[in-house]
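**Student:** Given chain A, put chain B in place with the hints provided.
Residue-level listing of the chains:
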Amino acid sequence: MNAILGFTCIVVGFAASVLGAGGGIVALRTGRTDVLRTVRQWAWIVVGAGVGAFIVMEVALFQRDYSLTYVSSVGADDTPALFNFAALWSALEGSIILWAMILGLYIGAMLIKFRKRTDDELWGWALVVMLAVAAFFFGLMLGPAAPFTQTDVPIGFEGPGPNPLLQNHILMAFHPPMLYLGYVGFTVPFSFAAAALITGRVGEGWLVETRRWAVAAWGFLTAGIVLGAWWSYEVLNWGGYWGWDPVENASLLPWLTGTAYIHSVMVQERRGMLRVWNLSLLCATFSLTILGTFLTRSGVVESVHAFSDGGVGPWLLVFFAVIAVFCIFLIGWRGDRLSSPGSIDSPLSREASFLANNLLFGALAFVVLLGTVFPLIAEALDGSRLRVGRPYFDSMSRPIGLVILFLMAAAPVLPWRKASNELLSKRLFWPAVAGVAAMAGALLLGGRGFYPILTFGLGGFAGGAAVRQVVLASRRQGWRGFVGRTNGGMIVHVGVVLLAVGMAASESYRSDETVVLTPGESAVVEGRTFTYVEPGIENNDRVTKVFAEIDIDDEGTYAPAITNYVRIGATVATPSVRTRFTHDVFLVLDDLPSRADDTIRLRIVIRPMVMWLWIGGGLMAFGTLLALFPGKRRRGTEPVSEPIGKAGSAPTSASSTAGG
Amino acid sequence: MSVRAGTTSRRRLIGWIAIIAAVVSLLAVSVLDQGGIENDAERMQRLSESYACPVCQGQSVAESNAEVARTIRQQIRTEVQQDATDDEIRDTLISQYGGEVLLNPPAEGIGSLVWVLPVLVVVLGAAGVGAAVTGTSVLGREASDEDRRLVANARGSKPVALDHNEASTDETQDDSDSDSEVVDDEEE
Numbered sequence: 017m018n019a020i021l022g023f024t025c026i027v028v029g030f031a032a033s034v035l036g037a038g039g040g041i042v043a044l045r046t047g048r049t050d051v052l053r054t055v056r057q058w059a060w061i062v063v064g065a066g067v068g069a070f071i072v073m074e075v076a077l078f079q080r081d082y083s084l085t086y087v088s089s090v091g092a093d094d095t096p097a098l099f100n101f102a103a104l105w106s107a108l109e110g111s112i113i114l115w116a117m118i119l120g121l122y123i124g125a126m127l128i129k130f131r132k133r134t135d136d137e138l139w140g141w142a143l144v145v146m147l148a149v150a151a152f153f154f155g156l157m158l159g160p161a162a163p164f165t166q167t168d169v170p171i172g173f174e175g176p177g178p179n180p181l182l183q184n185h186i187l188m189a190f191h192p193p194m195l196y197l198g199y200v201g202f203t204v205p206f207s208f209a210a211a212a213l214i215t216g217r218v219g220e221g222w223l224v225e226t227r228r229w230a231v232a233a234w235g236f237l238t239a240g241i242v243l244g245a246w247w248s249y250e251v252l253n254w255g256g257y258w259g260w261d262p263v264e265n266a267s268l269l270p271w272l273t274g275t276a277y278i279h280s281v282m283v284q285e286r287r288g289m290l291r292v293w294n295l296s297l298l299c300a301t302f303s304l305t306i307l308g309t310f311l312t313r314s315g316v317v318e319s320v321h322a323f324s325d326g327g328v329g330p331w332l333l334v335f336f337a338v339i340a341v342f343c344i345f346l347i348g349w350r351g352d353r354l355s356s357p358g359s360i361d362s363p364l365s366r367e368a369s370f371l372a373n374n375l376l377f378g379a380l381a382f383v384v385l386l387g388t389v390f391p392l393i394a395e396a397l398d399g400s401r402l403r404v405g406r407p408y409f410d411s412m413s414r415p416i417g418l419v420i421l422f423l424m425a426a427a428p429v430l431p432w433r434k435a436s437n438e439l440l441s442k443r444l445f446w447p448a449v450a451g452v453a454a455m456a457g458a459l460l461l462g463g464r465g466f467y468p469i470l471t472f473g474l475g476g477f478a479g480g481a482a483v484r485q486v487v488l489a490s491r492r493q494g495w496r497g498f499v500g501r502t503n504g505g506m507i508v509h510v511g512v513v514l515l516a517v518g519m520a521a522s523e524s525y526r527s528d529e530t531v532v533l534t535p536g537e538s539a540v541v542e543g544r545t546f547t548y549v550e551p552g553i554e555n556n557d558r559v560t561k562v563f564a565e566i567d568i569d570d571e572g573t574y575a576p577a578i579t580n581y582v583r584i585g586a587t588v589a590t591p592s593v594r595t596r597f598t599h600d601v602f603l604v605l606d607d608l609p610s611r612a613d614d615t616i617r618l619r620i621v622i623r624p625m626v627m628w629l630w631i632g633g634g635l636m637a638f639g640t641l642l643a644l645f646p647g648k649r650r651r652g653t654e655p656v657s658e659p660i661g662k663a664g665s666a667p668t669s670a671s672s673t674a675g676g
Numbered sequence: 002m003s004v005r006a007g008t009t010s011r012r013r014l015i016g017w018i019a020i021i022a023a024v025v026s027l028l029a030v031s032v033l034d035q036g037g038i039e040n041d042a043e044r045m046q047r048l049s050e051s052y053a054c055p056v057c058q059g060q061s062v063a064e065s066n067a068e069v070a071r072t073i074r075q076q077i078r079t080e081v082q083q084d085a086t087d088d089e090i091r092d093t094l095i096s097q098y099g100g101e102v103l104l105n106p107p108a109e110g111i112g113s114l115v116w117v118l119p120v121l122v123v124v125l126g127a128a129g130v131g132a133a134v135t136g137t138s139v140l141g142r143e144a145s146d147e148d149r150r151l152v153a154n155a156r157g158s159k160p161v162a163l164d165h166n167e168a169s170t171d172e173t174q175d176d177s178d179s180d181s182e183v184v185d186d187e188e189e
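Just so you know, the protein sequences line up as chains A and B, in that order. Quick note on our numbering: the first sequence kicks off at 17 and runs consecutively. Quick note on our numbering: the second sequence kicks off at 2 and runs consecutively.
Bound-form chain A, shown alone:
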């Protein structure tokens, strides 16, 4: 029953998205508005089909309907409800359902938001692009990643349950949906960008229309990445939160280009410049989400996240290539309409600082992409097998990150067009004092080393500039000084600073030791005494947990464990972590206690300020929310959404020359 229902959803979703996209193209090319209106109905069917497929699979998981191959591979009789719900996205086929459902939700949101724009060409093409993307994902579920195939299981089959690492922490319920909301969310601005190119209405209209969508998608992606880092820190056994794993990199890439986009888009709104560049950034962001999915779902790069290859790899690669060619073709085709009026007047200006921002984020994205795919390139070129790992990414990203922090201090105080040295020295003075104070404070607290101290200094500088903006704005505008893109953005900046400071401190001042202890024995690490009290065991049908009770002098009892998932027969180390504002203690067992005398090998990782990362991430998400609220209205006379190419483009260049 579930199989039939689910399969029907997918067939209907595929058919409706193909018919909707096809009908839309015909209607838009022939100008038949009556046909164009039917596209909305097809689109609503796609929304229903995506949500329907999701619901059917969840129902099947909760009914333990093992006649579905997917449920029989990730479901189990005794998986707790939350992890059973999350089991939907614990393997390839289900994760495509999640993708299709979220794409459906975005299409639904667009249909509601733009419901009055039925006959508008730009909107029509945007919807066609959305439906074409939906057709691809529903198509995947018809072929290589079919989630509703059936199987026979023996009577009494109780299911293996999801991968052990995906069923032992609550964050698994939130991290993937957040990430997908971010990934898929960029399809919306992409579809409008493509529509703008197709219709030739490449002025700033499409961009103003979609800027909130882009910011929202960016916020989801940010939250998803930070939650993923948190999850890996709490669950995996290596005591870190970011390992430059290909999947982490794949989520970071669209985040980097997306970050560049939401900054440079302001230059276009304000000055009408950088049209080609912004379109390219959006295309890059969208295609990188597909490339990232390809890299991690096809098994071409090794990764802790890689699902088994269900044959989707080639399809994703082809889709990526189609998008890339489509974008390059469109931008080339409309090249003549994309030249923009005006130019940048001075390197000391807001727009120049946004260009520098884009250069840095572009460079970082390039480093991450190159490092991720380089093993493949090297092997293809001369057969050499090599790795690109953490030391490479660290040493390349650190200087870029520091320059970004510097820019975060300088850019918010810069006016558009041109600043004088006098102005800069006035506005940057107190932020610079904050930076010096941060450095001095860190030194007094015992911090040493060039990179961390410089990071704290630049962090204080950037944080000071952000706080200055919010304080001045709220003094003038009251509570509105905290909302709107500029002020919300400054809250995001404060979050970034906390994140950077937490990262620098927790990486630089980490201690990591492995000690061998017998029951009753103690070890002293970093001035703390770790006493191994005794081993213990917890049993239930699902897991067997062997733990070691460890007393730390002033911090209570920890219980790092080795957990065996009985059904799968897999054993994972379960760390015991406590997060405090100043420092974290992370304990993990290397092995089961020895049979002879219960000796354990205990790894003790102590890191300062890890909590700052999670606070910073939370602040970034909160700042994004504030940025989505409307700030003070723009004057209607500004030439932001004027189409160009009409009337010899004179009005546009005129108003920007006049200093608007």
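Hint data in this document are derived by calculation from the structure and do not stem from the laboratory. Errors might be hidden in some of the hints.
To be verified - Covered stretches of chain A, going by a simulated chain B footprint (3 or more residues, C-beta under 8 Å):
(1) 228-237
(2) 379-385
(3) 441-454
Ideal Cβ placement from N, Cα and C applies to all residues, glycine included.
**Tutor:** Just chain B now, with coordinates in the frame of chain A:
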């Protein structure tokens, strides 16, 4: 007024000099006061972070609990205690586990590309941005005389020139926009 402005800016200049002096000396302290050269434990940590555990997925020898990672850690510890140089340790490990044991791609042969290309991209990008801000119109089109005349006609006044001094006094106008800088008068 101008006298007062003069003293303010001189005071601020002194402030900036103090800030720069403080930054330089604080950085100097942070580098010099690190307890001298690397001790064995630190060296051991640094080295084991730069080799890959051969059976893991991208984890370093330092992070992994795998048997072989422990063996390599032990081996590095022994060699560090015997005062082997970094290069000697590297060569031994490569001879035993192959080039894949390096987490940092080698800066030779094809591996050098991964180091050189990003630098190239940054240099080219910086040149592009530089060209854009110095007025060489890569990304934008200058307003032509024709455009200026149209503006002038529309305004019914003399032609507008791109006057940079005017631009810097733009703040009040900037201020009317939510995305722009706030007024600074109240700071003084």
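**Student:** Check each numbered hint from earlier against the structure, then list the numbers of those it violates in ascending order.
**Tutor:** Hint 1 alone not satisfied by this model.
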